[in-house]
Amino acid sequence: MAKRRKVSNPLALAVLAELMAEPMHPYEMGRRLKEHAKDRNIKYNRSSLYMVVEQLRKAGFVAEQETVRDTQRPERTVYALTEEGRTELHDWMRELVAEPQHEYPAFGVSLSLLMVLPPAEAVELLERRRAALTAEVAEIRATLRKATEEGVGWLFLIEEEYRVGGMDAEIAFVERLITQLQEPDFVRTWQEYFGSLQ
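First residue of the sequence shown: 3, per the working numbering; consecutive thereafter.
Any given hint might turn out to be false.
If you anchor each label on the Cβ, the simulated ranges turn out as follows [stated by the list, open to error]:
(1) Q74 to R130: 27 to 37 Å
(2) H38 to E172: 16 to 26 Å
(3) E37 to D93: 37 to 47 Å
(4) V154 to M53: 25 to 35 Å
(5) V99 to T136: 21 to 31 Å
(6) R96 to E56: 36 to 46 Å
(7) E172 to Q103: 16 to 26 Å
(8) H38 to V99: 17 to 27 Å
Simulated from the structure, these hints should not be mistaken for lab results. Predicted model only: the values in this text are computed from it and were never measured. From the three backbone atoms N, C-alpha and C, an ideal C-beta is built for every residue, glycine too.
Let the hints inform the model, and build the full structure from the sequences given.
Have a look at this one:
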């Protein structure tokens, strides 16, 4: 069972991981997260990043190390990972890697309510989804090939490999669902139960 955490936002986990490398200010954290393509997996903006850093500070996971003054820029507070923060990072990572978590993706919600759409319309929409997924998978694979050719180690690409695996599985699922939605028995049953409600 997932442990209740003082700060549970996934962005907090990414901040703790970035601070393992070295102390830095939030602007630099944001730049590195974007540079390392973590913004593809973790939703954030500048204000949410500053808010999470403050939450981590209050929880004792990061501490202000120094304030840097530069005539070209406003002063910046540099944060460092505390020992408590390092412990939290490792504990949280062990939990996320070992224990499957129930997530609530938007597509799952739409599938649970799919019966409100006429089968022909659902098929058309699913075909559009399949095309979009196929294009995205091709783009990610091209990026992975290029990164591998440039010598980027597989461990630094693992979240994209995971994304492609999930998308491949979703494409296969969508293809089966399209076939099922077009079966005459299903269309007839849908019309009997839901057709009059449209």
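Verification of the hints:
no.	hint	verdict
1	Q74 to R130: 27 to 37 Å	violated (48 Å)
2	H38 to E172: 16 to 26 Å	holds (25 Å)
3	E37 to D93: 37 to 47 Å	violated (27 Å)
4	V154 to M53: 25 to 35 Å	holds (31 Å)
5	V99 to T136: 21 to 31 Å	holds (29 Å)
6	R96 to E56: 36 to 46 Å	violated (26 Å)
7	E172 to Q103: 16 to 26 Å	holds (18 Å)
8	H38 to V99: 17 to 27 Å	holds (18 Å)
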